[in-house]
Amino acid sequence: MEKTGTLKIANHESKVNGTLLARETDDQDEFGAATEFMINNNCDDGDCVTITGNLKGGVFWVDTAKKVDSSLCAGPALARAEFSVAVAKSAGRVPAKKTKAAKSATPKLITVPGKQKKAVKKASNKKGKKP
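Per my numbering, residue 1 is the first one in the sequence shown, and the count goes up by one each step.
Worth flagging that the hints you see were computed from the coordinates, not collected in a lab.
C-beta: ideal position from N, C-alpha, C; glycine also.
Fair warning: there could be bad hints in the mix.
[Unchecked claim] Here are the in silico distance ranges between beta carbons for each label pair:
hint, residue 1, residue 2, range
1, T64, D26, 36 to 46 Å
2, Q28, A74, 33 to 43 Å
3, A74, D26, 30 to 40 Å
[Stated by the list, open to error] Below, in silico cross-link-like pairs of lysine to aspartate or glutamate (EDC-like), each with a Cα-Cα straight-line distance of 16 Å or less:
hint, residue 1, residue 2
4, K15, D47
5, K8, E36
6, K15, D44
7, K67, D27
8, K67, E2
9, K67, E24
10, K66, D27
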């Protein structure tokens, strides 16, 4: 199985797109061995990597690892990030509700061709009972 994603290294444990990595070793620390293996293959925290191995019980057991072009990791993750930013920007501030005082502000002047300007109160958009 092959997997490409962003490598994260923290507390001597490695993850690719959130999947914990392990490497078979004579030691008891398979997770530390995977991190050491990634570093020995010139893969550092934040790099885009392609790994091969097997997924067992939510842990990816690494056989090979190599650093790859970052554009291979930018696809869906970048689209999600751009979408999140767009949603956050569009969410913005919600305008406050108009109060009664604001609704009954001075009437607007409406010009009808050939007639004098009259102050006319704009009709309300309220839905009421029909007669």
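Each hint, compared with the structure:
Remark: the range hint 36 to 46 Å for T64 to D26 is contradicted by a beta-carbon distance near 19 Å. Restraint check, Q28 to A74: a C-beta distance of roughly 37 Å satisfies the suggested window 33 to 43 Å. A hinted range of 30 to 40 Å holds for the C-beta pair A74 and D26, which are about 38 Å apart. This hinted pair checks out: K15 and D47 have alpha carbons roughly 11 Å apart, not beyond 16 Å.
Taking the CA atoms of K8 and E36, the gap is about 13 Å. The hint holds against a cut of 16 Å. Our distance criterion of 16 Å between C-alpha atoms is met by K15 and D44, whose separation comes to about 11 Å. For a cut-off of 16 Å, the pair hint linking K67 to D27 is broken: about 25 Å separates their Cα positions. A threshold of 16 Å between alpha carbons decides the hint, and for K67 with E2 the separation of about 13 Å falls inside it, so the pair holds.
For a cut-off of 16 Å, the pair hint linking K67 to E24 is broken: about 21 Å separates their Cα positions. Under the criterion of a C-alpha separation no larger than 16 Å, the hint pairing K66 with D27 is inconsistent with the structure, at around 23 Å.
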